[in-house]
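Asks: Sequence:
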Amino acid sequence: MKTDIEISQEVALQPIQKIAESIDLRADDLEFYGKYKAKIDFPSMKRLDNQEDGKLILVTSINPTPAGEGKSTVTIGLGDALNRIGKKTVIALREPSLGPVMGIKGGATGGGYAQVLPMEDINLHFTGDMHAITTANNALSALLDNHIQQGNELNIDARRIIWKRVVDLNDRELRQVIVGLGGPIQGVPREDGFDITVASEIMAILCLASDLEDLKLRLGNIVVGYTFDREPVTVSDLEIQGALALLLKDAIKPNLVQTIYGTAAFVHGGPFANIAHGCNSILATKTALKLGDYVVTEAGFGADLGAEKFLDIKVPNLKKSPDAVVIVATIRALKMHGGVAKNELNAENVFALKKGFANLKKHIENMESYGLPVVVAINEFVSDTKKEVEILLDLCSEAGVPVELTQVWEKGAEGGEALAKTVIETIDKQTADFRTIYSMGIGLGEKIETIVKKIYGGKEVVFSPKAQKQLETFTKYGWDRLPVCMAKTQYSLSDDPTKLGKPEDFTVTIRELVPKLGAGFVVALTGDVMTMPGLPKKPAALNMDIDKDGNAIGLF
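Going by full-length UniProt numbering, the sequence shown opens with residue 1, and the numbers climb by one from there.
Heads up, some of the hints might be wrong.
What the hints assert, rightly or not - Derived Cβ-Cβ restraints for the label pairs, each shown as a range: (1) Leu48 with Leu13: 24 to 30 Å; (2) Glu414 with Gly478: 50 to 56 Å; (3) Lys429 with Lys453: 28 to 34 Å; (4) Met544 with Glu368: 40 to 46 Å; (5) Val382 with Ile85: 24 to 30 Å; (6) Glu446 with Arg47: 40 to 46 Å.
No lab work stands behind these hints, which were simulated from the structure alone. Backbone N, C-alpha and C define an ideal beta-carbon position, used for all residues, glycine too.
Could you build the full structure based on these sequences and the hints that come with them?
Replies: In structure tokens:
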């Protein structure tokens, strides 16, 4: 079998203007980034406001494992398959971060014959959105430190600055640093640190902003630290929200690309789902909904993270809930959740499959608790045995959910036809009755407990002394009426990555709360989850190269 990059490089891409025309966009609507990439301008998005929204399909998955699930691949393949059966469909995805691309997780453009293209560009610098977000984030840091250096009119306590610098790479060495060393003219020494760019609040803001004015408002609401009197200091206090918005004026516009089959795809924004809200931009999804009869989008990692945040954070901003949810699973991953080691997954193991199914069943129940129709997509592998497939189909049937096998990695659009037809049938038969799992009127602690108990299946929540004090402080400021964005390991329903399957009677520890008022939520840090990842022993970058003709090698 050819590699993903070999498959992508053999595709004869269509000019992006032709892709735009297929969804009723004009050349004047586009800002071209070469032959195969474009952004949509604001007048064009405004022109679409009065058009009726299409149906929204959210793709999520079980808790990810090293065995692989293929959520992005199924998202892309489903979009292609829907177009193949005559349904005008647009795809909306997140942009990849260079950290995972050069680390261990890889890119986010799908795989096999279900890819968005040009995959090399999308996985690397694309249209420069990540760089713009990095620059805006670090401009804020520089202007904040300069304010303190130049007299500190706002009385900011340098010991209580919570804003960090960012870089779009995995770099553990930068998690904690000291800045301002070298004497008085070099600045005020203080502790600082770096997050990965996709964990920046500015990334979340870009993905949740509805237009440029909303972008500026949200940027102004960012809390950067506290005064010596323990009062919050915002970007508006520094009077720099306009400058930050200016740096983001192009990055906020959705990017249009294509799949192998010529399906239009908006790839825009890239917050991680384990440390941010994990969904592509509001503007990209809204634009797709105006242009397609069906829109297929995805939320990062498992349904306990990305899908929960999509439904509790993104939907209130999007003002459109999914018409159906597709949960992706593989037999290999379910066996791993059932206790099988990665090197033993090729052997048939019905017992482990049945045990691991508890993870999938919990995610099914969670999505149904939001009042949404659910379809299970089994992403097939060659190692799956006939008996294992039959048993998984029976287990899904017993759980009362439609289920289909998919082969989009190997067969592209054709391999997703059965899933596409089942999703359409489910939407036509079952009307979504969306409801959130908590009310915004309850306190932060109660919201966190609701998520832990209802979505994760946990027994209780323990707040560290620091987090307990923050609950009181945030309530005093009125921040307790915001939604919660849980920062948790993606590998488990619990906050312990070693607890696979469906753990029971576990406790989730909240070590710290971080206000993200610009994004409009409060982040709850659990366990030892990191906002700046490190590189593995053998990073993917070791396999990357470029040939004499400028073709990328080793991307996946």
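Asks: Against this structure, judge whether each hint is valid.
Replies: Structure-based check of all given hints:
1. Leu48 with Leu13: 24 to 30 Å: holds, 25 Å
2. Glu414 with Gly478: 50 to 56 Å: Holds: the Cβ-Cβ distance is about 54 Å, inside 50 to 56 Å.
3. Lys429 with Lys453: 28 to 34 Å: For Lys429 and Lys453 the Cβ distance comes to about 31 Å; the hint holds.
4. Met544 with Glu368: 40 to 46 Å: With a Cβ separation near 42 Å, Met544 and Glu368 satisfy 40 to 46 Å, so the hint holds.
5. Val382 with Ile85: 24 to 30 Å: Distance hint for Val382, Ile85 holds at roughly 26 Å.
6. Glu446 with Arg47: 40 to 46 Å: holds, 43 Å
In the structure shown, no violation is registered for any of the earlier numbered hints.
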